[in-house]
Amino acid sequence: MEEDFLRLAQKGDAASITKLVETYQQRVFNVCYRMLGEATEAEDATQEALVKAVTSLHSYDIERPFKPWILRIASNGCIDRIRRRKDTLSLDGMGEDGAWEWQAGNSPSPEREYLRNERHSAVRAVLDDLSPADRMVVTLFYWEGMPYTEIEEVTGLTVSAIKSRLFRARRTIAELLVQEETYA
Amino acid sequence: MPEKLKMPSQDMHSEVWWIRVLDDELTPDEEVRWEAHLLACESCRQELAALTRVDVFLSQVPAPPALPAGFTDATVQLIANKQRWHRMLSFLAGVLVIAVISLLVVGAAGSMLSSFEQGVGVMFSARAILFHSFIQTVLALLVRWRMIMPYMVGTALVAYALVMPNGLLMTFAFVWLSSRRRARGVV
Numbered sequence: 001m002e003e004d005f006l007r008l009a010q011k012g013d014a015a016s017i018t019k020l021v022e023t024y025q026q027r028v029f030n031v032c033y034r035m036l037g038e039a040t041e042a043e044d045a046t047q048e049a050l051v052k053a054v055t056s057l058h059s060y061d062i063e064r065p066f067k068p069w070i071l072r073i074a075s076n077g078c079i080d081r082i083r084r085r086k087d088t089l090s091l092d093g094m095g096e097d098g099a100w101e102w103q104a105g106n107s108p109s110p111e112r113e114y115l116r117n118e119r120h121s122a123v124r125a126v127l128d129d130l131s132p133a134d135r136m137v138v139t140l141f142y143w144e145g146m147p148y149t150e151i152e153e154v155t156g157l158t159v160s161a162i163k164s165r166l167f168r169a170r171r172t173i174a175e176l177l178v179q180e181e182t183y184a
Numbered sequence: 185m186p187e188k189l190k191m192p193s194q195d196m197h198s199e200v201w202w203i204r205v206l207d208d209e210l211t212p213d214e215e216v217r218w219e220a221h222l223l224a225c226e227s228c229r230q231e232l233a234a235l236t237r238v239d240v241f242l243s244q245v246p247a248p249p250a251l252p253a254g255f256t257d258a259t260v261q262l263i264a265n266k267q268r269w270h271r272m273l274s275f276l277a278g279v280l281v282i283a284v285i286s287l288l289v290v291g292a293a294g295s296m297l298s299s300f301e302q303g304v305g306v307m308f309s310a311r312a313i314l315f316h317s318f319i320q321t322v323l324a325l326l327v328r329w330r331m332i333m334p335y336m337v338g339t340a341l342v343a344y345a346l347v348m349p350n351g352l353l354m355t356f357a358f359v360w361l362s363s364r365r366r367a368r369g370v371v
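Chain order of the listed sequences is A and B.
Position 153 (the first sequence) corresponds to 153 in this note's numbering; numbering is contiguous.
Position 87 (the second sequence) corresponds to 271 in this note's numbering; numbering is contiguous.
Take these hints with a grain of salt, some might be off.
[What the hints assert, rightly or not] In silico EDC-like links for lysine to aspartate or glutamate, alpha-carbon gap of 20 angstroms or less:
1. B:266 with A:38
2. B:266 with A:44
3. A:19 with A:48
4. A:19 with B:257
5. A:86 with A:38
6. B:266 with A:48
It is worth saying that the hints were derived from the structure and are not from the lab.
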C-alpha cells in the first residue's frame with residue numbers, strides 16, 4: 001500500500017507526494033519539536049526535511065522502510081540546527097561583561113517558557129544539556145517508542161552504542177532532576 | 185569459546201548490568217541476586233530510584249502541538265517549486281554539458297583534420313622533393329658521365345682489389361701460367 005504511493009511519488013506524482021507529506025509530517029514534526037524545543041523552528045525543520053526527502057526520493061531504496069529514512073533526514077537537519085544555534089550563541093550571546101545574556105527577538109526566554117508550560121520548560125532544560133545525538137536517541141526511544149533496531153536505522157549507531165548512550169543520557173537526566181529539586 | 189566469556193558481565197555496578205536491568209533482560213536467577221544486592225547496596229537503590237523517576241518524568245511530557253492548518257499545502261507547494269528549480273537546473277546543466285562536449289568534439293575534430301591535412305601535405309611534398317632529387321641526379325650523371333666514369337671504374341677496381349684480393353691474384357696467376365705454357369709449346 002505505502003510502497004505503491006512511494007513508487008508513484010518517486011515518479012513525481014503530485015497526489016502521491018501530497019499523501020506522503022500528510023502521512024509523515026506530524027511524526028517528523030514530533031521528532032523535530034522534541035529535538036529543537038520550539039514549535040516555529042520545528043515547523044521549519046519539518047518542512048526542510050520533507051522537501052529534502054521528496055526531492056531525493058530517487059536515492060531511496062523502496063525495499064526499505066520509509067519512516068527511519070525520513071526521520072534520519074529530519075534528525076540530521078535538527079542536529080545541524082542545534083550546532084548552528086550553538087555557534088551563533090557563541091558569537092552573539094556574550095554580553096559586555098562576558099556573561100551569557102538572553103537575545104531579545106529570538107525564541108522566548110526559558111523563564112517565560114517555564115511560566116507558560118512548566119513541564120515543557122523542565123524537559124527542554126534537561127534535554128538541552130544532552131548532546132544532539134543523545135537527545136535524538138532519547139526522543140526516538142521514549143517519545144517515538146521505537147525499538148533499538150529502528151533507532152539503529154535512523155541514527156546509524158549500533159544497538160550496543162544506542163543502549164550505552166541511552167543509559168548515560170538517563171543518568172544525566174537523573175542528575176539534572178536531582179539538581180533541579182535541590183534548587184527548588 | 186569458553187562458556188564464561190559468552191556470559192554478560194555479572195558486575196552489578198557495571199554499565200552493561202544496569203542496561204540489562206533497565207531492559208528487563210535479567211534471568212530469574214540474576215533477578216534474585218539483584219534483589220538481594222539492592223537490599224544491601226544503598227547507592228544502587230538510590231540510582232535505581234533516580235533512573236525510574238527519569239522514565240516517569242519523560243513519560244509525562246506533554247505531546248507536541250499539532251501542525252498548523254495549511255502546513256501540508258505550503259510544504260507541497262515548496263516541494264513543487266523545488267522540483268521545478270531542479271528540473272530547470274538539470275536542463276541548464278544538460279545544455280551546458282552538451283555545449284561543452286560539442287565544443288570539445290568540434291575542437292578535437294578540427295585539430296585532427298588540420299593534422300591530417302598537414303600529414304598529407306608533408307607526404308606529397310616529400311614525394312615531390314625525392315622525385316626532384318632523383319631527376320637532378322640522373323641528369324647530372326648523364327651530363328657528366330665522361331668525367332665521372334674513370335673515377336667510378338677506379339673506385340670499382342680498388343674496391344675489387346681490396347675486397348677480393350684472392351680473386352685478383354688467381355686471375356694474375358692464371359694469366360701468367362697460360363702464357364708460360366704457350367711459350368713452352370712454341371719452343
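Checked hints:
The hinted pair formed by residue 266 (chain B) and residue 38 (chain A) fails the criterion: a straight-line CA distance of about 25 angstroms is larger than 20 angstroms. In summary, the hint linking residue 266 (chain B) to residue 44 (chain A) is supported, as the alpha carbons are separated by about 15 angstroms, within the 20 angstroms threshold. For the suggested pair residue 19 (chain A) and residue 48 (chain A), the alpha carbons sit about 17 angstroms apart, so the restraint of at most 20 angstroms is met. For a cut-off of 20 angstroms, the pair hint linking residue 19 (chain A) to residue 257 (chain B) stands: about 11 angstroms separates their Cα positions.
A distance of roughly 15 angstroms separates the Cα atoms of residue 86 (chain A) and residue 38 (chain A); the hinted pair therefore holds under the 20 angstroms criterion. The hinted pair formed by residue 266 (chain B) and residue 48 (chain A) meets the criterion: a straight-line CA distance of about 11 angstroms does not exceed 20 angstroms.
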